[in-house]
Structures are given as structure tokens and as C-alpha cells.
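Asks: Here is how the chains run, residue by residue.
Protein chains: 2
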Amino acid sequence: MAVPASGRSPSVPPALYGPVAGDLPLVEAKLASLAAEGAPWLREMLVPVLAGAGKRMRPAVALLAGRFGRYEPERLVPLAASVELLHTATLVHDDVIDASPERRGRPTAAALFQNGPSVMLGDYMFAHAADFVAETGNIRAIRAFAKTLRVMATGELEQDLSAFEYSEDVQRYFDRIAGKTASLFATAAEGGAIVAGADEPAIGAMRRYGQRLGMAFQIVDDVLDFTGDAEAMGKPVASDLRSGTLTLPAILYLQREPEDNPVRRAFDGVRPRANFERAIAAIREGGMLAESMEVARRFASEALDAIERAPRHAADPETRETLAGLVSEVLDRES
Amino acid sequence: MAVPASGRSPSVPPALYGPVAGDLPLVEAKLASLAAEGAPWLREMLVPVLAGAGKRMRPAVALLAGRFGRYEPERLVPLAASVELLHTATLVHDDVIDASPERRGRPTAAALFQNGPSVMLGDYMFAHAADFVAETGNIRAIRAFAKTLRVMATGELEQDLSAFEYSEDVQRYFDRIAGKTASLFATAAEGGAIVAGADEPAIGAMRRYGQRLGMAFQIVDDVLDFTGDAEAMGKPVASDLRSGTLTLPAILYLQREPEDNPVRRAFDGVRPRANFERAIAAIREGGMLAESMEVARRFASEALDAIERAPRHAADPETRETLAGLVSEVLDRES
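Protein sequence lines, in the order shown, are assigned to chains A and B. Using this note's numbering, read the first sequence as starting at 1 and increasing by one per residue. Using this note's numbering, read the second sequence as starting at 336 and increasing by one per residue.
For reference, chain A alone in the conformation it holds in the complex (with noise of 0.2 Å):
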């Protein structure tokens, strides 16, 4: 897949973020100016990371939570591009960490650069988005973020450190992604309100919104894991199940078949190979990512529910419309 050119915004359909559409390209600068600042070395590392990341989804909250208060651009776009750059540097760690080759289909900054240049270029992103929440000049937006990273930080060592056991339950489960994913969906849809000066009742309406969508959008992921086409993915099906991370099709399947389980066979290593065919095939045969599917839809209909419950006074229609949209959106992806 060919890296698009610097500063460029992601193919993106303008109505998915609605009101907010026209000012995704104004997030995109500013990720862009990253770039235009550096050493020339750090821009050759940062162009493709930050070009490959995906859809915006995360600023795209950010400013539509935006709307429940005063929408004032020059606030609402650095905390935006804060919450991308965040995600996306921790995304960058995240592939030292696993030692990951591909995400979507690109080498990924770790297998370009080597670790050492890689954990540096996180860093740096990492201060760069201390520096853009900063640029808000809200301190309760500030101390959010702050949290956010700490939680992430902690879900990711927790996630490591329970690669391997059988024990773990949807409970557990949950409680990761909700580290590892909604806080920061929670976050951006949070501090956009924050920033905005919305009322409590919205500041929580939509931080709820924020942390169900993430929740439905990381159990999505983790289906789209077993069913995803390995070459549209840019890796192999079932890659966490195959590292030792079991998601929740595989924690249902271990549920639904405590004893003897091909799950248990491939982590105890008695032919690993056969073994996860086996457990992907069981898991794509036997309804666990329909079951999985509908645990995703419970998050997103009390996403929903967010939205329904927000001051009505706060936000046009159309801004409401959109984010019930985005949850749609969540729910049907199919990369």
C-alpha cells in the first residue's frame, strides 16, 4: 500500500463527521506541523505514522463534544489533535513492545526504524501531545489527559502481564479494553465538552458516550481479528489469540468449553499450529463472534443512551445525529 503524502487527510466520507467534517483538515495541519518542525530523520519517521493511522475517529469526538458548549475552533482542534497524537504514539510503542512487523498492512516504525529510534519518535509524540492538550489552557482538560495516559499506560502492563492465563473472565476482559481503548475515547469525547464550557450534565453525558463507543469499538476489533481477511488486516487472523491474549470470542469459547479446549492445547504448547486452526475454526463456527457482536452492541446502545440523555439544549440535532451515526459506524466497519 503506497504512504500518502504528508498532511493529507485520511479518505474519509465528509458526512460520517457531519458538522465537524470541515474542521478534521485543520486537526490534520497542526498533526502535520509535527513534521514540518523536526530533524529531518524524525520527519521521515513521522510522515508515514501519522498518515497511517486511520480514520480520526478520536478528534472527530473530540470536536463534535465540542459543539455541546462554545465551538471555538483555535481550543477544540489542539485537544483534537492531542488525542490523535496520543493514540497514535502509543500505538508506536505499543509495536516495540510486541515486536509487531505490519499494523494495517505497513511495516510499522519499529520494523523500519529499529526500537531505539522508535521509542524515541513515541516520546516525542508523547510531548507533543503534553504540549497541544496544554495549548487548551484548561486544567481540568490537562489533569483528564493525564489520567488517561496513566490508565493507558497501566492497561498495556496489565495486558502484557496476563498474556497466558486461563483464568481471565469478560470482567477482566472489559476492564482492559476500558483502559486500553474507551479511556481515550471517554477522554476526547470529555474534554471537548471540558474545553467547550458544555454543562456538567453534558461534560458526563458525553464522557459516557466516549467510554461505551470505545468499549464497542475494541470488542469490534477483537472480532474483526477472527474474521478479518489477513491480508486487508496487515496480519495474520487471530494474531492476539496466536500471541497469548485472549479477546472475548476466545474467553466465551474457553466458557463454553472449560475442559477440553484447543485454546488450552496451543497455550500449553502441544501443537500450537493445529491447535489455534482449530480454536479460530471453533470460534468462527460456533457463534462466539455473534455473541460477541452483541456484547458490542449493548455498549453502543447505551452509547446511545448517552446522547438521548444529554441536556437537549446543548447540542443541535445534527451534532447528536452524528455521533449516533459514528456509533453505526463502530458497529458495521469492516477494517
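If you're looking for bench data, these hints aren't it; they were derived computationally from the structure. Treat the hints with care, since some could be wrong.
With a straight-line cut-off of 27 Å between C-alpha atoms, the simulated DSSO-like cross-links for lysine-lysine are [as the list claims (entries may be wrong)]:
1. Lys390(B) <-> Lys515(B)
2. Lys30(A) <-> Lys55(A)
3. Lys147(A) <-> Lys180(A)
4. Lys30(A) <-> Lys482(B)
5. Lys482(B) <-> Lys147(A)
6. Lys30(A) <-> Lys515(B)
7. Lys30(A) <-> Lys180(A)
8. Lys55(A) <-> Lys180(A)
9. Lys30(A) <-> Lys147(A)
To give an idea of the chain A side of the interface with chain B (calculated C-beta under 10 Å), a few residues [to be verified]:
10. His93
11. Asn115
12. Ala127
13. Lys147
14. Ala153
15. Gln171
16. Phe174
17. Gly197
18. Asp240
All residues carry an ideal CB built from backbone N, CA and C; glycine is no exception.
The hints should help you fit chain B onto chain A, whose structure is shown.
Replies: Okay, now just chain B, sitting in the frame of chain A:
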């Protein structure tokens, strides 16, 4: 060397930190809270890393600078802990980047826990540093922090040191150590004054003091790399030179002997072992260490000058004397 227990202060003569010596245990307790709240394995990683970091000079500088305004431990202690944590997190990531097996005679986190967990540990510490500085509730201090993190991550030049008439190579070395070391000392001092609500001349004086102290500190560090006892330092003599990094003594030596120099030969791969030994002996015997110390003393004298120029009314004589004493400590230290 034995690893001290969590939360115990490193052995520092109380006189060194004068009026703030009594508050440094609060900084220590704040740092120890990180380990207390984490999971057991996190604690296992954090305790030796936090205990092994040295004399807590940076937090002491932050607290002392706070005496140029309203000295309130509840705001200054989080700032001081943040500075120390940022410093320590940087060391953890540096050891991953450089694949260093030891630091100060102890195995590094990177060596003890592998790269992945060390990257996560550093991120966790950065996250807490961000949280601590946000606790000050002071946007200006937060922004100074974020900027420092950026400068440290890239080594970007922030200070104009070209007032001195040094060669381009020496200037580039100054730029590098300004980013790597002096920027954090500067922000510790500036941040303390900002958080305490000191007046602008005092804030400026403290920033300059910290910057110059940091420059002297790093130059002395680079001299000690050549003079030190390999065992006491916990690394081979001239480890920077051996890994291809030119510090001030080697730069001065290359300027003196630009043509046929064993450093060049070693870097070109010509009998590196023997040529490094020859270079080290020549640097030790050729006066380059004394010349480097002379440069350190110039920075140190500018640090003293900054204290002198700070508004007289702003801080008590004991604070000024303690700040001046730290300058002597930096010049006279042996490891």
C-alpha cells in the same frame, strides 16, 4: 551494590539542600506512591529504578526556586516529584535506546526486564510526571514542562549559547547537552519560581540559574567519564567515546590534533581497542580534562551570577547560599 528499600531517601548530607532538606522526604513519598499504587510486578520494576536515581538535585532546585515566591509545599512537592520522575523516565528509555546493561553500577531496567516492559515502565512514569505537574494547577508551569519534554526528546536547541566564542563542534555539543540535561534543570528552577508566583525577574533568574547549572553538571559528568573509576561509575572509562559519542574532552582533543588522531582511527575501525586506549591516555594527559573543567566553571560562574542578579528581596540569604552551594557541589562531585 544493594538496592535500597522503597521510599527511603538516598543518602544526601542535609546541609547541601539547606532550607528545603526537610521537604525532600515529601518528594520521596510522592515518588514512592507510584510504586504503592501499581501492581506488584510494577512495584518490582519501579522500586530499584526510583531508588537508584541519585541525589535528587533536580527536585531540590525546584523547591529552592519556590522560595523566591510563596513557598507552598502542596504545590511545589508535586512539581519537584514531576521533575525527578521525568528525569528517571528518560533514563529508563535511554537505556532501551542505547541497550545499556548498567547504570551507576546497577543493572538497568532494560537489562533486568527487557525492552518491552521498560518502554511501558517509562511511559507509566511519564504519565505520572504529567499528572504531578498538572497537580500544580499552573498552566504556565505545565507548558514549560511539555516544552522541556519536547526539547529532551529531540535535543532541539532552545538556548542561544553562541555568546561564547567556541568552535562549531563545541557549539553543537552545547546544543546537545542543553537539550539533554540543562533544559530539565532550567525547567525545575523556572517551574519552582512560577508555581510559587515569583515575580518575572526572579523567574528569569531562576531559569538562567538552572540552565547554567545543568550545563556545568553535564560537562562535569562528561569529564568524570574519563577520570572515574570504572567500578565506581558502573561503566567502562570513556564509555561515550567507545560508543561513538564525542563529548567535550574528545572534541577539544580532536581540535588540538585534527590530522592523525587515534579517535578518528578508532572510529574508522582501525584497531579500535588500542586506539581508544591511546586516545583516552592522550585526553587524560594532554590537559583536555582541565580545559573542559574550565568551561564547566564558566557556566557555573554564570549560574552564580544569575543568583546575584535575582531581585534581592525575592529570597532569603540561606536560599541563595544553598543555590550557590549546589554550584560548588556540581563542580566538585566525584561521581
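Asks: If a hint holds in the structure, say so; if it doesn't, say that too.
Replies: Okay, the hints, checked on the actual structure:
1. Lys390(B) <-> Lys515(B): Roughly 18 Å between the alpha carbons, so the hint for Lys390(B) and Lys515(B) holds.
2. Lys30(A) <-> Lys55(A): 16 Å, holds
3. Lys147(A) <-> Lys180(A): 13 Å, holds
4. Lys30(A) <-> Lys482(B): Given that 27 Å is the threshold and the Cα spacing comes to 16 Å, the pair holds.
5. Lys482(B) <-> Lys147(A): This hinted pair holds, its Cα atoms lying about 19 Å apart.
6. Lys30(A) <-> Lys515(B): Within the cut-off at roughly 26 Å; holds.
7. Lys30(A) <-> Lys180(A): The given pair, whose Cα atoms are some 25 Å apart, holds under the 27 Å limit.
8. Lys55(A) <-> Lys180(A): It holds: about 18 Å lies between the C-alpha atoms, which stays within 27 Å.
9. Lys30(A) <-> Lys147(A): 23 Å, holds
10. His93: This interface hint holds because 5 Å falls under the 10 Å limit.
11. Asn115: Holds, about 6 Å.
12. Ala127: 4 Å, holds
13. Lys147: 6 Å, holds
14. Ala153: With Cβ-Cβ at 4 Å, under 10 Å, it holds.
15. Gln171: 17 Å, violated
16. Phe174: 17 Å, violated
17. Gly197: 16 Å, violated
18. Asp240: Constraint on Asp240(A) not satisfied, violated at 16 Å.
Going down the numbered hints, you'll see the structure goes against 15, 16, 17 and 18, while the others check out.
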